[in-house]
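Number of protein chains: 2
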Amino acid sequence: MGEKHRVVILGGGFGGLAAAQKLKRAPVEITLIDRRNFHLFQPLLYQVATGSLSPGEIAAPIRGVLSRQKNTSVLLGEAVDVDPQAKRAILRDGAAFEYDSLIVATGTHTSYYGNDSWREWAPSLKSVEEATAIRHKILYAFERAERAATPEEAGAWLTFVIVGAGATGLELSGALAEIARETLRHDFRKIDPQKARIILMEGAPRVLGPFPEDLSVKAEKLVSRLGVEVLKSVMVTNIDARGVTFKRGDSSEVLAAKTVLWAGGVTATPFGRRLAERTKSESDRSGRIKVNRDLTVPNFPDIFIIGDLAHAVDEKGTPLPGVAQVAMQGGAYAAKVIRARLEGKKELPPFHYFNKGEMAVIGRAAAVANIFGIHVSGLLAWLMWVFIHLIYIVEFQSRVQVFVQWGFEYFTFSRGARLITGQAATDSVDQAASMYNKSNSS
Amino acid sequence: MGEKHRVVILGGGFGGLAAAQKLKRAPVEITLIDRRNFHLFQPLLYQVATGSLSPGEIAAPIRGVLSRQKNTSVLLGEAVDVDPQAKRAILRDGAAFEYDSLIVATGTHTSYYGNDSWREWAPSLKSVEEATAIRHKILYAFERAERAATPEEAGAWLTFVIVGAGATGLELSGALAEIARETLRHDFRKIDPQKARIILMEGAPRVLGPFPEDLSVKAEKLVSRLGVEVLKSVMVTNIDARGVTFKRGDSSEVLAAKTVLWAGGVTATPFGRRLAERTKSESDRSGRIKVNRDLTVPNFPDIFIIGDLAHAVDEKGTPLPGVAQVAMQGGAYAAKVIRARLEGKKELPPFHYFNKGEMAVIGRAAAVANIFGIHVSGLLAWLMWVFIHLIYIVEFQSRVQVFVQWGFEYFTFSRGARLITGQAATDSVDQAASMYNKSNSS
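If you read the sequences in order, they're chains A and B. All residue numbers for the first sequence refer to this note's numbering, where the first residue is 1 and numbers rise by one. All residue numbers for the second sequence refer to this note's numbering, where the first residue is 1001 and numbers rise by one.
Simulated from the structure, these hints should not be mistaken for lab results. Please read all numbers here as calculations on a predicted model, not as lab measurements. Fair warning: there could be bad hints in the mix.
Stated by the list, open to error - Label pairs and their computed distance ranges (CB to CB):
hint: 1; chain 1: B; residue 1: GLU1253; chain 2: A; residue 2: ILE388; range: 51 to 61 angstroms
hint: 2; chain 1: B; residue 1: ARG1189; chain 2: A; residue 2: ASP294; range: 50 to 60 angstroms
hint: 3; chain 1: B; residue 1: ASP1314; chain 2: A; residue 2: PHE387; range: 54 to 64 angstroms
No residue lacks a Cβ here, since even glycine has one placed at the ideal position from N, Cα and C.
Take these sequences, add in the hints, and give me the full structure.
Okay, structure coming up:
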């Protein structure tokens, strides 16, 4: 036992899981540690938030995925520290795990750009809990609008603001538009859900910043067609109980909105900051740790950082984006380096990210994609998106199920998972409003 | 608007929904009020608790179910009081709804027989939140056992006690046995999930008390075959962090168990007690309000109580059981009485419960059923159970999906919804233990 090379992997997301799987046949002893017992298919999390899918449908138990991989133990635990000299990863409960190689794949947190009080009013879409909280917030807003005393109050409950027009912001606003215009259209007696305002705000002068410009134009057209109002070059200056305050040019405006969703940037987790401290590493503005071209931490060749927590650069020095593909390829690369070292091979060439393309989905039969430089939009891009996402869902079972569900919803506009659950729902309507603010901020 | 007969229905469970649907073509104006925005298919809740189904799969938004029924408004709100003289139902936020006829279908709470401190350690299976808390507790126990320092500690985490051997207790213990023996069998490295002890405790001398005796015998045989230890004629005297204390004959024993599930009795909700006070009605030992043979409250012919909250009796004076069938038939009957009164017809014959039979499922291909007096057990009973439950699930969509999922699981023993979610899971392993105790008690 003790003679084998010990690999500790922190995090069971796309990167950590790929690393573990690529070490399947290596003569190593792997311990994969995650705070959660499941791997989450994050790209579909917005569908949980908008009531199309249930959490179980986009998650797979890590233990189940790796159960046949005999050289791997899976543990539930949260890493809080690393001692790079003693080569130990330390968990919150004090347990320490010695490693010969450490692969850190713990990801990032949502950043409110220093305005942490906004978190209370504008949840982001990182975890299953946040996704169900957002679902709750959206469905509850229509319920409150139906019972509102004045048209102004109803209006505020029927105004939805999404901050940030990246892929997640577009997905959320498109899905929200479909909920209001199609799914709920016959469900209320006093309000008309079709009159709901859905406003997508972006600081940059165009949506989908990292995409080629023609696809940004196309994406804005597609989402506007669904009834979403797109405000570009605006700066959000405050978010509170009343709504959103923002600057457009020189004027400051206030928009009364009871539902604000945050699709903004990322920042380091406390563990990420700790690791940077311990290894005396440099971080970028988003708190991502700058790694060598082989994804190791400078001066610590036995510590790899992969996925969102790593600030890695390509041949031209351009930082790699925080997407699933980079994480998976990074995990596979780290595994390859470890295997090569064990076999006494020379250093491998640096990590090369092979970009298969990028996509963003806006609604049913509406998406944009950039595949090997070919720009596609509309139904074809959407079909490609559906196909690729189904392929990648880890468990076969989830694949079958998501497929059945989507097929059904495509034809009926219904949404199967429209539950308001959690603490808030069990309390009265009035208490609820304050409750989910609490749960979102935790 | 104001001239129509106003029917207020409190509760959107089996009873409330049936009442609303049977009044679809009546010249009335219906307001259905529920604390939750969804109708829950409670008989399958144990499958959520044991990780086979996701909450969204056994729930349907009430609004969606009734969206085409133009004479009905659905509102999210919690009834806290009734003024039977002024004919008004009052919600927690102070809103009052005037009625001409009131149908109360708000159900009951779990009873710990006066030992409310047990609730903290032994959650029951009433709501979606409790079901996911139970799922969390079960899966987390295996995780903790894998990391236990001593064999004793591992043993306590691998000991599961279910208190109460009615249908719910049998379903839970059978499903737990399958999780331990099949689903998780390859997933751990230090512990053997197949060695988990699952103990079903019952105060009465046999399981499934309300069923014919031969089916009780059969059910015990089936659940024992799955590896469940059945303890009959035992009295639980305490439940705490260490486990369960119980009396068998004259001796008192303590069983170290970290996971205890409560499948015991029911009691009145605060609203139920309030209603009894306001109408000066009698309640039975379980807090159910004694109603007339036409399901109205004595002296208040305009208030109907249906479902679990009603203590109704049949021709022979035997109380009707608290099952979905009684609630649905009660709802339909109340609707019929209201229609008859509006049409000026004479009083209808009293409510007659038509018992189509009773079933309890124990595991895959294992169930017992009593259909019109014919006793069936094993695979045939199980197939009947699957068929009947699929038929009754309200939404077509859920039906397709549950069917696909079950088919898949039947052949693979996998469970799709093995997520540990909620507050506890986001915290460290150690904090978690105390966290879910809190969340269960809320």
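Taking the hints in turn, this is what the structure says about them:
| no. | hint | verdict |
| --- | --- | --- |
| 1 | GLU1253/B <-> ILE388/A: 51 to 61 angstroms | holds (58 angstroms) |
| 2 | ARG1189/B <-> ASP294/A: 50 to 60 angstroms | violated (30 angstroms) |
| 3 | ASP1314/B <-> PHE387/A: 54 to 64 angstroms | holds (58 angstroms) |
In this structure, the one hint that does not hold is number 2.
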